[in-house]
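Asks: Following the hints, complete the assembly by docking chains R and Z onto the known chain B.
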Amino acid sequence: MTEKVGVYICHCGTNIAKTVDVVDVATWAGEQPNVEIAREYKFMCSSLGQDLIEEDIKEKGLTRVVVASCSPHMHEKTFRTACERGGLNPFFFEMANIREHDSWTTDDKEAATQKAKALTFAAVERVIHHQPLEPIPVDINSNTLVVGGGIAGISAALELADAGYHVYLVEREPSIGGHMAQLDKTFPTLDCSACILTPKMVDVGQHPNITLLTYSEVEAVEGYLGTYTVTVRKKARYVDEEHCTGCGICIEKCPFKVIDNVFEAGLGERKVIYRPFPQSVPKYPVIDTENCVYFQRGKCKACQLFCPTEPNSIDFEQEDQIIQMEVGNIILATGYDLFDVGKIPQYGYGKLANVFTSLEFERMVNASGPTDGKIVMRDMETPPKSVAIVHCVGSRDENYHKYCSKVCCMYSLKFAHLVHERIPEAEVYNCYIDMRTPGKGYEEFYDRLLEEGTHFIRGKVAEITDVARIPQEEGKLVVQVADTLIGKQRRIPVDMVILSPAMEAKPDSREVSQLFKMGCDFDGFFVERHPKLDPVATMTEGIYVVGACQGPKDVPESVAQGAAAAARVASLISRGTVMMEPVRASINQEECSGCRICNNMCPYNAIIFHEDRQVSEVITALCQGCGTCVAACPSGIITGAHFTNDQLFSQIEGILWDVRTESELVPGD
Amino acid sequence: MKQFAYYPGCSLESLSVSYDQSALESAKALDIELKEIIDWNCCGATSYFHADELLAYTLVARNLAIAEMDGLDFVAPCSGCYKNAYFTNQYLKEDPDLADHINYALEADNLHLEGKLSVKHLIEVFIDDVGLESIKEKVNHPLKDLRVAAYYGCQLVRPRKDGENVEDPQFFEDLISAIGAENVNYGNKMRCCGGSLIMTNRAAALDMVYQLLLDADKNQTDVIATICPLCNVNLEAYQSQVNQEYKSKFKIPVMYFTQLLGLALGIEPDRLGIGKELVSARILKQFE
Amino acid sequence: MEATLTFSKEIANLLYAEHGNPIRDCIQCGTCSGSCPAVEYMDHSPRQLIAMIGADMKEEVMESNTYWSCASCYQCNVRCPAGIDIAGMMYGLKRYSMWRERYKEGLVGPQFNESFMKMIMRTGRSFEPVLAPTYVFKLGAKDMFDEAMMATSLFFKGRMSLIPKRIKRIEDFRKMVKRIIPFGGDA
Numbered sequence: 001m002t003e004k005v006g007v008y009i010c011h012c013g014t015n016i017a018k019t020v021d022v023v024d025v026a027t028w029a030g031e032q033p034n035v036e037i038a039r040e041y042k043f044m045c046s047s048l049g050q051d052l053i054e055e056d057i058k059e060k061g062l063t064r065v066v067v068a069s070c071s072p073h074m075h076e077k078t079f080r081t082a083c084e085r086g087g088l089n090p091f092f093f094e095m096a097n098i099r100e101h102d103s104w105t106t107d108d109k110e111a112a113t114q115k116a117k118a119l120t121f122a123a124v125e126r127v128i129h130h131q132p133l134e135p136i137p138v139d140i141n142s143n144t145l146v147v148g149g150g151i152a153g154i155s156a157a158l159e160l161a162d163a164g165y166h167v168y169l170v171e172r173e174p175s176i177g178g179h180m181a182q183l184d185k186t187f188p189t190l191d192c193s194a195c196i197l198t199p200k201m202v203d204v205g206q207h208p209n210i211t212l213l214t215y216s217e218v219e220a221v222e223g224y225l226g227t228y229t230v231t232v233r234k235k236a237r238y239v240d241e242e243h244c245t246g247c248g249i250c251i252e253k254c255p256f257k258v259i260d261n262v263f264e265a266g267l268g269e270r271k272v273i274y275r276p277f278p279q280s281v282p283k284y285p286v287i288d289t290e291n292c293v294y295f296q297r298g299k300c301k302a303c304q305l306f307c308p309t310e311p312n313s314i315d316f317e318q319e320d321q322i323i324q325m326e327v328g329n330i331i332l333a334t335g336y337d338l339f340d341v342g343k344i345p346q347y348g349y350g351k352l353a354n355v356f357t358s359l360e361f362e363r364m365v366n367a368s369g370p371t372d373g374k375i376v377m378r379d380m381e382t383p384p385k386s387v388a389i390v391h392c393v394g395s396r397d398e399n400y401h402k403y404c405s406k407v408c409c410m411y412s413l414k415f416a417h418l419v420h421e422r423i424p425e426a427e428v429y430n431c432y433i434d435m436r437t438p439g440k441g442y443e444e445f446y447d448r449l450l451e452e453g454t455h456f457i458r459g460k461v462a463e464i465t466d467v468a469r470i471p472q473e474e475g476k477l478v479v480q481v482a483d484t485l486i487g488k489q490r491r492i493p494v495d496m497v498i499l500s501p502a503m504e505a506k507p508d509s510r511e512v513s514q515l516f517k518m519g520c521d522f523d524g525f526f527v528e529r530h531p532k533l534d535p536v537a538t539m540t541e542g543i544y545v546v547g548a549c550q551g552p553k554d555v556p557e558s559v560a561q562g563a564a565a566a567a568r569v570a571s572l573i574s575r576g577t578v579m580m581e582p583v584r585a586s587i588n589q590e591e592c593s594g595c596r597i598c599n600n601m602c603p604y605n606a607i608i609f610h611e612d613r614q615v616s617e618v619i620t621a622l623c624q625g626c627g628t629c630v631a632a633c634p635s636g637i638i639t640g641a642h643f644t645n646d647q648l649f650s651q652i653e654g655i656l657w658d659v660r661t662e663s664e665l666v667p668g669d
Numbered sequence: 001m002k003q004f005a006y007y008p009g010c011s012l013e014s015l016s017v018s019y020d021q022s023a024l025e026s027a028k029a030l031d032i033e034l035k036e037i038i039d040w041n042c043c044g045a046t047s048y049f050h051a052d053e054l055l056a057y058t059l060v061a062r063n064l065a066i067a068e069m070d071g072l073d074f075v076a077p078c079s080g081c082y083k084n085a086y087f088t089n090q091y092l093k094e095d096p097d098l099a100d101h102i103n104y105a106l107e108a109d110n111l112h113l114e115g116k117l118s119v120k121h122l123i124e125v126f127i128d129d130v131g132l133e134s135i136k137e138k139v140n141h142p143l144k145d146l147r148v149a150a151y152y153g154c155q156l157v158r159p160r161k162d163g164e165n166v167e168d169p170q171f172f173e174d175l176i177s178a179i180g181a182e183n184v185n186y187g188n189k190m191r192c193c194g195g196s197l198i199m200t201n202r203a204a205a206l207d208m209v210y211q212l213l214l215d216a217d218k219n220q221t222d223v224i225a226t227i228c229p230l231c232n233v234n235l236e237a238y239q240s241q242v243n244q245e246y247k248s249k250f251k252i253p254v255m256y257f258t259q260l261l262g263l264a265l266g267i268e269p270d271r272l273g274i275g276k277e278l279v280s281a282r283i284l285k286q287f288e
Numbered sequence: 001m002e003a004t005l006t007f008s009k010e011i012a013n014l015l016y017a018e019h020g021n022p023i024r025d026c027i028q029c030g031t032c033s034g035s036c037p038a039v040e041y042m043d044h045s046p047r048q049l050i051a052m053i054g055a056d057m058k059e060e061v062m063e064s065n066t067y068w069s070c071a072s073c074y075q076c077n078v079r080c081p082a083g084i085d086i087a088g089m090m091y092g093l094k095r096y097s098m099w100r101e102r103y104k105e106g107l108v109g110p111q112f113n114e115s116f117m118k119m120i121m122r123t124g125r126s127f128e129p130v131l132a133p134t135y136v137f138k139l140g141a142k143d144m145f146d147e148a149m150m151a152t153s154l155f156f157k158g159r160m161s162l163i164p165k166r167i168k169r170i171e172d173f174r175k176m177v178k179r180i181i182p183f184g185g186d187a
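Protein chains in written order, with our numbering: chain B, 1 to 669; chain R, 1 to 288; chain Z, 1 to 187.
If you are wondering where the hints come from, they were derived from the structure by calculation, not from laboratory data.
Any given hint could be a false lead.
Okay, derived cross-link-like pairs now, DSBU-like style, lysine-lysine, Cα gap no bigger than 30 Å in a straight line [claimed, not checked]:
| hint | chain 1 | residue 1 | chain 2 | residue 2 |
| --- | --- | --- | --- | --- |
| 1 | Z | K165 | R | K276 |
| 2 | R | K116 | Z | K58 |
| 3 | Z | K168 | R | K116 |
| 4 | Z | K168 | R | K28 |
| 5 | Z | K104 | R | K93 |
| 6 | B | K385 | R | K276 |
Isolated chain B (complex conformation):
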């Protein structure tokens, strides 16, 4: 068969042309069989360059196009679209990379030109065997699942719900709100966290388009973009949500208290039947069965006794519910955890009573917290006269986490402000390595703290000790730090120390990522598709990551990411059908022997086996075109679209143009 191939060699300014003799390559290419026209041009990706392709297709009746330029990562899409505009199927296009693979690898002009010829010819030989593939349509279910009810998840859910689409919001804790609900004030405006968060929480609770599933966890995820089937376990609260009015009498009457290690960070207590905090959404309490006297020993039942509703809202027989849902897209907003500061023994947490973590301090300063907002030492009574705030605890440290946790400088400044505000005579010391205040209003906030008389010591704290050397250190916590700006080691006696720990990925982030078939990075944070240009999508179509589960970030960024993912999902839903790349594998079921070797090889679980017919089949929409099954099939009856044997062998032959003597095309299928 003869084809009419158009070959275009790009100069890419001097990037290619400096090393590769583009004129020579174009001339040579023009002399090759099947090549109708060969041109060289300064910038193929420019409008004019693209026009060249379009016009040549129309005027010269080209049936194939080859562009030899940069990496397909850059402009494959550009040129495919140009072909389409010219009336040619975009898959009749092939790109040869003579920049990253050639001109940028060597200064040897002769070798580079030879290689450019080989690469271009290989592309020509290959493209002749291309098939006119059509993109695959996939229907997008208009439901969306948002996993995690912190500020990022809430933001994403509200944007989608307001746009008119239905959202399932699944949250592991009994209430939505996440860590933001635990905070007192937010930087830099010092807005009360609950005041700005709770209206949104109420919106979520009342929104007709949001189905809120709290105290629930995702157990299984099947399917692919547009048609995910998700199994959620709604854990038993032992409270009947139908009839409970949220009056709270059960909580009042419950005789047993335990230390609240989750919401109150161990500083306060809660009842055994409880709501995490007063503004919880939903309002339904939950019974902590591990500490409940009824569940452990069969006694009490005070909550049931005093519940005023008819019928009674306490249901000790309640069971976990398994709920299945069909959704088109999934947004992960599972949040973060704080680094365990006990891993740094020299900071004394746990040994020295008045060393606190940031979360403990947040609860302490919170007006509805365990001390009603009073800043006091571990005895819960005495206010400190001096406070040291330690930055970078477990961050920027090879021994723990190499990364910077981004938000700690700002909240450490916030803490300093709160101490100044509530204990005006107190001395406050912030010990930092670098002051990171890049956001809007952040540097001004730092300035405010300087004006408030905070002592800033540039030095990473070496140790916190109660070993006194001089009388002034007796009975105090001594912060030993090198003041690098003065150039001396200083020992600063203080009453209280607050540690600002690193923001970590949740401990089960790896398991969660596997559940949703996407990846984690080395630190356990979910991996985005592109760190610069696509921070909310993942490598898995239909799964998005927003908020701190993707990496340390503050509230405005989490909100923005939530909204960004919502916009992405909304655009897919509004299109209704999405076209997917047809570079997929397909099994010739007629010839499949049912050996099932391919089934387990597929990293995307995209191959199913039909028991009745004893043949395997690739689920096209799930297939990512990796080619593993194509190579694994012992009968060779799996075809990788756009990567067929003919195409690949021709490409290889093309590369070897100057060393082979005759066609050695391997007889294949």
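Replies: Okay, now just chains R and Z, sitting in the frame of chain B:
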């Protein structure tokens, strides 16, 4: 009888001879034979690392190579010797180039080092190979109500070898508890005694010794227990100089952990070198 | 051979078996200086010294007493968030200083090390009385007296020997050493 290749080190020959005596005695009482390495040489302490790194490793490697001939694991009672031996052994295993250089030199003394054996500090032998439970069983003179400040010092635990706790380990305190004594909770247990600075920068070292004695004293310490001869000498032999410099009145006896262990096992004090101290250890008389 | 190397590169190259991250990785956080028990006796803190090396301030670094006051306690090493082998760097500076014979006047360290090395070459083992002259004469009169008193007490307690011990295979030992560096002359 479990055997180990025993590397006493130069200090144990004279200055810290009581450490040597008590080590051999308490080991024997716990079925451990410490076989002295034949014709061992000085490990070079820190001084050789100040001169030439490769030569320093070679000096250490000679002793390891002699030990390897017997196929016994290498044990050093001195933290400095231990640190040198441990890391020389490790670097040799990781770096074939270094191994080649060192073995080329060792050839001159008809030696070769493969790096097959393990290197331990003496205290690890008691804790890991004998075991705290066995020790507890054999203790017949528990050092009841004796307040002991277990002093780790530097080079036993640092540099980091694995993921172990280098800021607040407890194994030394566990051994002290096993022999029936009471542990003193004091913050400076991991802080340096000054080491060889006692000779090369007297003022700095005396300050560091002073901080340790001060902390131990404030916490009502009866005895400081050491695991290194240099720590012991600095804390004990120089105690009077510290008193003069800082106008303090410390009179805290400083004993090797093997001496306390030996006493608890019922061994006679003079066989443990007790009586050779410059700061009197008469508080221990009650346990004889 | 090393004519065109900057001072910072020279120091970086001195660490034979690199057991930590390069000195360049230092973020000047000050953890080392904050942890160092001898920092009050150093004219520059460890952190400052690293900054000075990075700035190629050769004179000031060599003249500093900082690296000669390092006790190699390794507290800086285990805490450094950049994973730098700071104690190793101090050793490297000492070696450089001895090799170039450049150091602050009046320091005990250099002579002490030289004596120590020669002593080992002589007998293969350490012998305190040989080392004493390197530092006692730098002490004040009273301190010298105290030192003498201490030495006498130790002697009477049987903890000081007057005769140095010598290893048997001292000749082969010396040959072994000479295969590493041709040690100058006979000690």
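Asks: Give me the numbers of the hints this structure contradicts, sorted from smallest to largest.
Replies: Failing hints, ascending: 2, 5 and 6.
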